[in-house]
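So the chains spell out like this:
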Amino acid sequence: MNSVIIYLATFFTILIALAILSGRYMARVFNGQPTFLTPILRPLETLIYRICGIHEEQEMSLKDYSVSVVVFTCISLIVLFLLQLLQKLLPFNPEHFGPVRWDTAINAAISFVTNTNWQSYSGETTMSYLTQMFGLAVQNFVSAGVGIAVAIAMMRGFIRKEVKTIGNFWVDLVRSVVYVLLPLSIILTIVLASQGVVQTLRPYVKAQTLEGKQQTIAVGPAASQVAIKQLGSNGGGFFNVNSAHPFENPNWLTNFCELLAILLIPVALVFTFGSMIRNRKQGFALFYVMLILFLLGFGIALWAELSGNPMLGKIGVAGNANMQGKETRFGVVSSVLWGQSTTCTSNGSVNAMHDSKMPLTGLVYMFNMGIGEVIFGGVGVGLIGMLFYVILTMFIAGLMIGRTPEFLGKKLGPYEMIMAVIGVLLPPVALLIGSAIAIISPVARTSIANPSAHGLSEILYAYLSAAGNNGSAFAGLNANTVFYNLTLGLAMLVGRFATILPGLAIAGSLANKKTVPTSIATFPTTSILFVGMVVTVIIIVGALTYFPIFTLGPFLEHLQLFGGKLF
Amino acid sequence: MKVLKQLRTAFLILVVFSILLGVVYPLVMTGIAQLFFSHRADGSMIVSNGRIIGSKLIGQQFLLPTYFHSRPSDCDYNAASSSSSNLGPSNPELFKQVREQINQVRTENEIADTVLVPADLVLASGSGLDPEISPQSAFLQVSRIAKSRNLPIELVRQLVINKTQQPFIGVFGQPRVNVLTLNLALDSISGQNRH
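Chains as they are written, first to last, in my numbering: chain W, 1 to 567; chain D, 1 to 195.
Bound conformation, chain W alone (with noise of 0.2 Å):
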């Protein structure tokens, strides 16, 4: 018990840290000051401008902003569609795979798009080495970028006074990606090969085990794709199973790297914050409210894992140990850690498998998801579903007090509150209405793998992923069929936009007003008060979206498994 409070102390000091410190960066970076990289990084950054024909000066509008994000997805999605259909004619192909199936193709590029990492096929037999590189790794920087692109011009909404400007997208875009993800990722890749992810062009590998069977091993330019993966909050593996192949993750170090990774960029941005509207102490106030929800489910779903399952110690298992869907060397507590802090980030990589963990486990990671991912969130697009809920909370307590709500200095009117709860609910409207269609249709009901609840819980969980632009799976449901791929699809669509859009919007509608003093009747939201009413009123919301179908898929099937029945 020691060795793990040592170790999640660690991780947290460590996570904190660096966080502070790239939060900090990151500021100066969107402010466009030096850093200590800019020297390197300038004539890189330059030349892309060049290249592109990007003004840095020139500042976009709401509407212009909006539309170069929509216009550079469309062109991404297409591009990655095309390259999975012709690749078998192009090079870097040593296992000479066919084109991808169309409905598979088009739901991996929207994925990737999205910044979902969603998979339903499996990398290994289905994707070459270069639509791994030059398609999908590719979109998970830029996705990424995106994402942080779009939260650094909603935190200038909050800074600028009666302007009609909001940045701009290419520069936020080339910013992010030279002076953030590629270095980030660059470090990263190296810890990783030395560690033993692969990182090779060569085919697969023939062996003839010890006992002289033939195994084929697939091998593949995995670790500089791992580390993006992990860093953009995408998730998306180079092989099958993910995080929990050997070959992305082989060792405890590894792992913690990659934990690190997958939570540094969400957290810094709550610090970039802070530092960008000159109020650090908001930024602590938001991380506090993230830190609180993400323990409070780690707490439970650590707790419904380690007690284990008594149905397994009925019948001749050690200490009831869930290690169905578990890798040796991570054991219970770093695989709960790590889906804990995929699933409150919306990076879709796992190291276990989720549809064989607990149903309370389950429970936790689908919450984590169903909120919007806020907890932390997605490069970018988390803070932004968490200044959703901060306005919605601004506007309750102005209920309360009888006040206009304002928040930072900006009154808060209907046209943000509109804006705000279109990006609280859109997503969860959308993916109750996906599921329940799922669950009617007996097409798609013959994709579940395991029967009753758990089978619910597999649908629900595919379109919280989706529509959450998670990308982490019940992977016993078979996602890969027409139904799936198109609603699925979809739903990643609906998820993203009714987020990045949005948030524009209110940025947009920020930007243009005027900064009203600071009173005795301002609410204060740097308080533990704020701070409290931010977390109950995302439990809120989500417990009163959630709560009858979760009560049909985990409750159940946790109280029936506890009372000694199976399905």
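Mixed in with the good hints, there may be bad ones.
Within a straight-line C-alpha distance of at most 20 Å, the following computed EDC-like cross-link-like pairs (lysine to aspartate or glutamate) qualify [to be verified]:
#, chain 1, residue 1, chain 2, residue 2
1, D, Lys5, W, Asp64
2, D, Lys96, D, Asp113
3, W, Lys314, D, Asp76
4, W, Lys206, D, Asp76
5, D, Lys2, W, Glu56
6, D, Lys5, W, Glu59
7, W, Lys314, D, Glu100
8, D, Lys5, W, Glu95
No wet-lab data here; the hints were simulated from the structure. Since we're looking at a predicted model, the values are computed, not measured.
Following the hints, put chain D in place on chain W, whose structure we already have.
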């Protein structure tokens, strides 16, 4: 017109990033990895008598009684197609499989029906390629190995202890034994190589 210009910028920036992040970055990373740690970057392959017998990091199936057995795998240790069955915690199929596995472990190792079996030895791993087992799972197999190889039990036990990796400073990681390297060590002490 403005949208057309944005289309052009979007396309150009995607081309530039595709080259930078999709070609230069992975190739430079591959170069660095190959230069400094080519053995690991190529998959930590183990070569014995000139042939590749597998990767230190990828589990393989052992069925002979003379070898330590790995964890159950839902893909039969097919390292070209990693997968897990994703059986849920309340699925009767899970308990059927685990029961069969427990019976097999008890029969093979001649242990009583009342003895509890370590979880990792009877529950399938996430990757289907788990290269390791817990020390308990290795100890449980010691007497079978010793008997089938005509080795003293204490020798085999000591081998397991030597090959057990403990958590780093007692905190990070799990106690574990790599099955392939353990079996290789076993072959070398009994001076018997089957191929």
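Give me the numbers of the hints this structure contradicts, sorted from smallest to largest.
-> Violated hints (numbers, rising): 3, 8; every other hint is consistent with the structure.
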